[in-house]
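Construct the complete structure from the given sequences, taking the supplied hints into account.
In order, the protein sequences belong to chains A and B. Sequential numbering of the first sequence, starting at 1, is according to the working numbering. Sequential numbering of the second sequence, starting at 1, is according to the working numbering.
Please keep in mind that the hints were generated in silico from the structure rather than gathered at the bench. Built from N, CA and C at the ideal position, the CB exists for glycine as well.
Derived Cβ-Cβ restraints for the label pairs, each shown as a range:
1) B:29 to A:142: 29 to 35 Å
2) B:65 to A:87: 57 to 63 Å
3) A:233 to B:29: 17 to 23 Å
4) B:62 to A:206: 43 to 49 Å
5) B:49 to A:61: 52 to 58 Å
6) A:142 to B:86: 39 to 45 Å
7) B:109 to A:122: 46 to 52 Å
To spell it out: a stretch of chain B is covered by chain A in this simulated footprint if at least three of its residues, at any positions, have a beta carbon under 8 Å from a beta carbon of chain A; those stretches are:
8) 25–37
9) 95–109
Here are some of the chain A residues that sit facing chain B, going by a computed Cβ distance under 7 Å:
10) 159
11) 163
12) 195
13) 197
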Amino acid sequence: MAVVDVELKIKRYNPEQDKKPHWETYEVRVEDTDRVVDALHEVKWHHDGTLSFRRSCVHGVCGSDAMVINGSNALACVLLVKDVGTNITVEPIRGLRVIKDLVVDMEPFFDQYKSVLPYLINSTDPGYEERRQSPEDRERFDDTTKCILCAACTTSCPIYWGNESYVGPAAIVNAHRFIFDSRDEAAGDRLDILNQRSGVWRCRTAFSCTEACPRDIKITQAIQEVKRAILYNRI
Amino acid sequence: MAIRAPEKEPTPPPSLRAQRPRPNFETWSWFFMRISGLVLLFLALIHFTLTHIMHDVVKTNYNFVAHRWHNLGWRIFDWSLLALALAHGLNGLRLIVDDYVRRPGRRAATKATLYMLTGVLFAYGTMVIFTFPRA
Chain A
1 MAVVDVELKI
11 KRYNPEQDKK
21 PHWETYEVRV
31 EDTDRVVDAL
41 HEVKWHHDGT
51 LSFRRSCVHG
61 VCGSDAMVIN
71 GSNALACVLL
81 VKDVGTNITV
91 EPIRGLRVIK
101 DLVVDMEPFF
111 DQYKSVLPYL
121 INSTDPGYEE
131 RRQSPEDRER
141 FDDTTKCILC
151 AACTTSCPIY
161 WGNESYVGPA
171 AIVNAHRFIF
181 DSRDEAAGDR
191 LDILNQRSGV
201 WRCRTAFSCT
211 EACPRDIKIT
221 QAIQEVKRAI
231 LYNRI
Chain B
1 MAIRAPEKEP
11 TPPPSLRAQR
21 PRPNFETWSW
31 FFMRISGLVL
41 LFLALIHFTL
51 THIMHDVVKT
61 NYNFVAHRWH
71 NLGWRIFDWS
81 LLALALAHGL
91 NGLRLIVDDY
101 VRRPGRRAAT
111 KATLYMLTGV
121 LFAYGTMVIF
131 TFPRA
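In structure tokens, the structure reads:
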């Protein structure tokens, strides 16, 4: 553990003052085992209180602080300073409207998430029992249960940057989580939604989403599985 | 008061899981890109090997083409290459236009130009391949 001086270059934007975003640089002293979010806290608490960014749990679980760090999407509360170096650039995630500094409008992202029916749909009443499932059936969608909706994947997708009508990787991951759940009964409905022009066929297999995911979900594979389910009617 | 579990429904409704999403134009468009891409890889490699490696491209002249197209099989091969390359390219550009040309009017105009240009190239290529006089 060592104390290091970090040059933090942040893309700032205040809609009440600025016509367009601009870069501002801050020198902060942190420990090399600190996270990028700690460096951001250092700026906000000791240098410039007007800096705005989202964070909540600060432990890589809530998914609030996805941002572009040194060019790649990541969670500021997961990335350590020693792993990114002492020259750090931070920008808001791309493809969503910037509200202020690093805070973007997440509404379109959540609307797309909601559009794929991301909840269990089952018309039978299990009574006072759990809906049981074999470990094998659970394994089928285990990977996609890990999503924390941080939007790192969707906002790293070059198609999403150009076409805001695309539902995006995160919505498909969350559709996958229920499509392949043996207890769910609405796979057909979700596949119909994803079979539209704005659905899975927009994906060009760029793998940016898989690279960006802080939970290491195999997103491109999940998207391909959904495509295959539509094409071959195989769940 | 004893808590009683609700009785289970005697006949549960048919599972929605069995519902098949109806394949639409976008489904087949994606599938076509996969298949045509694979076929094009072989067609293009064969074409490249024959006309650029086995034959000196500088010496490509009327006689070379006439000799090759004496065989109907090669005409069909070249026509397949033309048709698939144009269709594959057109469909790819259609998707890119859908993604990046946002204004509806401009999008329609871009697509119309694209379709017309592809149609002209296809008609012209087809005409050349099948009306070329047999040597």
